[in-house]
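Got chain A; can you put chain U on it based on the hints?
Protein chains: 2
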Amino acid sequence: MIKVNENFLRLKSSYLFSEIAKRVQEFQTQNPKVEIIRLGIGDVTLPLPKACIQAMHKAIDELGQASTFKGYGPEQGYSFLREAIAKHDYQQKNIDISPEEIFVSDGSKCDTGNFQELFSQDIKVAVPDPVYPVYVDSNVMAGRTGEFKDGEYQGLVYLRSTKHNNYLPDLPSQKIDLIYLCFPNNPTGASITKEQLQVWVDYALEHKALILFDAAYEAFIQDSTLPHSIFEIPGAKQVAVEFRSFSKTAGFTGTRCAFTVIPKECFIYNSQGEKINLHKLWLRRQTTKFNGVSYVVQRAAQAVYSEEGQQQVKNNIAYYLNNAQLIRKTIQELGFHCVGGENSPYIWIECKQDSWDFFNFLLHKAGIVSTPGSGFGKSGEGYIRLSAFNSLENVTLAMQRLKEVFNS
Amino acid sequence: MIKVNENFLRLKSSYLFSEIAKRVQEFQTQNPKVEIIRLGIGDVTLPLPKACIQAMHKAIDELGQASTFKGYGPEQGYSFLREAIAKHDYQQKNIDISPEEIFVSDGSKCDTGNFQELFSQDIKVAVPDPVYPVYVDSNVMAGRTGEFKDGEYQGLVYLRSTKHNNYLPDLPSQKIDLIYLCFPNNPTGASITKEQLQVWVDYALEHKALILFDAAYEAFIQDSTLPHSIFEIPGAKQVAVEFRSFSKTAGFTGTRCAFTVIPKECFIYNSQGEKINLHKLWLRRQTTKFNGVSYVVQRAAQAVYSEEGQQQVKNNIAYYLNNAQLIRKTIQELGFHCVGGENSPYIWIECKQDSWDFFNFLLHKAGIVSTPGSGFGKSGEGYIRLSAFNSLENVTLAMQRLKEVFNS
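Chains A and U are the protein sequences, given in the same order.
Take any residue in the first sequence, note its place counting from 1, add 13, and you have its number in the numbering used here.
Take any residue in the second sequence, note its place counting from 1, add 13, and you have its number in the numbering used here.
Bound conformation, chain A alone:
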């Protein structure tokens, strides 16, 4: 008899964004005339940078000719892209990362979801709270948690990030083996300083722990003192893996390209305490279960690093951050406490009521789709997330509606 992986049955039934989509659809059906403004899911709206479009057209023409056709590429990504990433995102910023340490993939969701496969089932895992659900659910599926009870999975350590600690979790009191961190944070939009990140790297060095650092939003950092990469922190290369994505940086959510950086000096341990090279382990995983990213998409990603590409990406980020500032300003003027929106496209708003109630209130009174904070975990209760990924026109209109709702 073919038996199920019973860990899957522990998962809460629905993914946050499916529930939102359902509620929005119901509202729209009942109110067909309302022009809904979507500030919920963090999906980009600006077109792909022109440099990427041009690069893709060129790549496609190569695929149409036998002499330039491309079949299977390297599972880790083409050298042209890995070299561009290493040079622009790391070496030019004095971070010593080589092209060989970079693994190109079709998304950070896949990489952050699959990465836990490399570890023993009995490790102790800590996740931020609120949290990007993929970190949690992938560990539930792998059997590293108990049942879901009182809004939490038993066995998982939640790193509370609320107003009370300025959205920066304290070090865990118990010994942790695997730590997920995300800065600029999704969903809160909070950022971390070098000094604060050093504390986590030191913890990992001391306890032989590993940090999975999700930097999908680093391109939004404006404050020049903040770290873009965990590898700016001394010692991090021994104890950290970094996930980055072109999704939010260059509008690739539907084009699909990301990368994961595993320094060659990063080691984990077998049960005898002997060192195991993490880079080789992920290479084995990827060569076995992944076949590389579409050639056309890798050429598009490479174009992000061209002079024009860099300028176009900067313009897009500036556009979204202008939206974010507008949201932040309006929300604060209306008397709400919030964080984010300065080095992040997300604004995390304390709503002083049940998250889903406030979600419904915004939807029904202002036709605005938000994301209820409780969908990101227990510490998200009492908050909602607004995203700056929309047109300036829509964001302006949404803020006008909010003012009318709250000032009337």
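There's no promise every hint is true.
Repeated chains share a single entry, so a pair holds when one copy, or any two copies, can fit it.
[Said to hold, decoys possible] Subject to a maximum C-alpha distance of 25 angstroms in a straight line, what follows is the list of computed BS3-like cross-link-like pairs (lysine-lysine):
1. Lys188 <-> Lys221
2. Lys83 <-> Lys63
3. Lys83 <-> Lys71
4. Lys277 <-> Lys35
5. Lys106 <-> Lys327
Since the hints were made in silico from the structure, they are not lab data.
What follows is chain U alone, placed relative to chain A:
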């Protein structure tokens, strides 16, 4: 202390094709003047069909305009592609598969590698021998095997497929829960009749087993009596999942698109023997750890089903099968026993000596890269695989060289 998944440490160190690449590179360095002809790895060489090229250019222009830009798509794939697949590959052939039962992905390697996540760790798994290494390695990583000993992983059931059973494995004598089958087969090129496949479906129905059916090479089937899909077999929808790919069908090895079909009536079981819907389970896996295939690539795949696309794909398949016939004929004239090459791009040749010795012989005497059969498992020892994926000119030249080597 962050501990490794020790199952990974059981894996044999190198992936077959890396070893081949290493040997070929060494030979080329020592013999820079030899023009090596690659009939080893099964990678296509003809350019992408024109219909796909056109569709991709159009899709890219959509991504360059805000009004037609596409962000995140559905994890399961766009409806336009799922509908085209269901209609052309199934419904028009009187196979009752709906678009909702199709999951678009970036490759059958990923899907066949990831699919085992859905099952309990203590199921009994059977794989063909010789076998596509991904089926085996992904189960080793998941901890469903013991150590590698005498060319086999302990605990795994190997379904021998050799000259003696006409490359069609017998039903296992012990009770199996999960069965991997691949027809037309990689690496042997052997095919299966409807009657022979019915035997496996009946076995699965009787034992509540599940068949993972890899049909990546179905487009090469010429014999109209052979099944293209396991769902042509009565009862299969309850006990089978089918993996298909655009890689070999339409030259997508570097473009990356495939799909997996999970009928809604397919169930697996929990430890109490209660039914669990497999379709929902994979949907949960994919929505958690996957973010869909690039929009541009999905439009290219859709174009495979256009009238021009279908004709172009047929022409390409015919071109490769002509190569295959040439290889098969030459090999047989030279007195070797072989299988495949008629409904498959692969020719599986009995070499009556050690596989790697014969690999070296062909490389050094004829400058031909083959794939040693032993790389696919114990029953592959004494065979090599030649692939028809190359130009007619190269295949013709390779066959001339073979004749000279063996007739001199």
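**Report entry** Violating hint indices (sorted, rising)
**Finding:** none
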